[in-house]
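Taken in order, these protein sequences are the chains called A and B.
Residues in the first sequence are numbered consecutively from 1, following the numbering used here.
Residues in the second sequence are numbered consecutively from 1001, following the numbering used here.
One or more of the hints may lead you astray.
[Said to hold, decoys possible] Restraint-style ranges between C-beta atoms, simulated for each label pair:
| hint | chain 1 | residue 1 | chain 2 | residue 2 | range |
| --- | --- | --- | --- | --- | --- |
| 1 | B | E1106 | A | P190 | 30 to 40 Å |
| 2 | B | E1225 | A | R114 | 54 to 64 Å |
| 3 | A | D197 | B | D1156 | 52 to 62 Å |
| 4 | A | D146 | B | S1044 | 20 to 30 Å |
| 5 | B | E1106 | A | D209 | 19 to 29 Å |
[Unchecked claim] The calculated SDA-like cross-link candidates involving lysine to any residue, where the alpha carbons are at most 20 Å apart (straight line), are:
| hint | chain 1 | residue 1 | chain 2 | residue 2 |
| --- | --- | --- | --- | --- |
| 6 | A | K74 | B | K1176 |
| 7 | B | K1074 | A | S44 |
| 8 | B | K1176 | B | G1202 |
| 9 | A | K74 | B | G1051 |
These are calculated hints, taken from the structure and not from any lab test.
Glycine included, every Cβ here is placed at the ideal spot set by N, Cα and C.
Number of protein chains: 2
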Amino acid sequence: MQTLDIIARIHTDFPAKFGIPRQSGLIDALKSTIVFEEAYRDASALRGIEGYSHLWLIWQFSESVTTRFSPTVKPPRLGGNRRVGVFATRSPFRPNPLGLSCVRLEGVELSTPRGPVLHVAGADLLDGTPIYDIKPYLPYADCHPDAVGGFTDAIDYPRLKVDFPQALLNPIPPDKRDALMEVLAQDPRPGYRHAGDARRYGVQFAGFDVRFVVEGDVLKVVDVEAL
Amino acid sequence: MQTLDIIARIHTDFPAKFGIPRQSGLIDALKSTIVFEEAYRDASALRGIEGYSHLWLIWQFSESVTTRFSPTVKPPRLGGNRRVGVFATRSPFRPNPLGLSCVRLEGVELSTPRGPVLHVAGADLLDGTPIYDIKPYLPYADCHPDAVGGFTDAIDYPRLKVDFPQALLNPIPPDKRDALMEVLAQDPRPGYRHAGDARRYGVQFAGFDVRFVVEGDVLKVVDVEAL
């Protein structure tokens, strides 16, 4: 039995799962920082990493540790009622709770009060997620433009128009607004909602609870509260 | 501390490390099979996987478990004398011994005497390597044609001409020859050899020890022995 050591944690604007994009790389405006655990705060471990544009993170699905092997899952994006094999999905409910995400490397700070820090864009991770490994993205081995994406190829992801009244937008820090608008435009609701859904939803982002309703293809923000 | 369970093992033609391509996907003629451990022999866990062309494997660097964190490594392809940060490499000598490889999915057999089996191409893994996770390759999230590959972009990998005398080739099963020729053409020698290297090397492949010398850009096979 292999045991894993947490080497770092990622700090993102998502304190809760709802609203996190379904995969990494879909919202480049999302900015995160990777802070190493004390035992791994060594700037030399990052020597040469600045030459790569993208990194792989292998991380822990910390909120979905399962105790029993369940061979099938119901992906929310398939409506939540179709079962597919767990190895045909990136679902968190898998035998070993390992997540895999590609992020864009924006910057490396070798010396901060918290040790060396990586600044990355596009992460689809909960704030504080434990990281087990960081590897460079190697285009010659990892990039397959001819790859076929199974049932995910057939899913349509319509964008929403976002109606965010200026008075509600004002408290959001300007450098967080692009990412938040994009989170909303990509429709954070689960796939298994009903047509004519009149529910009020809330995305927690960057210290705010952003509440909205959706009518047709318009997402209207109705309330913003500091968390 | 997270513990991981082995879900499967991959069966490849490489009983030893020497000769394994430096990354996955470089030799499509390499064919492997993934056989699940008994607790995970459930065909429904693969439902839908046949729709994907490529898979990610997260696996154990079973021959290189380290006990102490070493922040830098000397990649053989950099000549073996230049140190770079471990997180800027895919080196096996990392805090958690997790490997990441993309393979092409060639076929799925749901019912064999060993349970469901995946047939994959291009794996850069040692025979018997433990697998921790299998995930679909999602082109929209995993394919980054614009990615920059750090110091690996600058490395030149000259191909060798392979001189494999017919009498020595005869014992190799015909369906293994293309892969073996390509393993040799990609120059399996470590990067830190000297110019004018007259050593005799041996690649173990598909049950044979294939011995060769290299003169200039010609790799000449000098002996083939059954293992």
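query: Which numbered conditions among the earlier hints are violated in the structure presented, ordered from lowest to highest?
result: Structure breaks hints 5 and 6.
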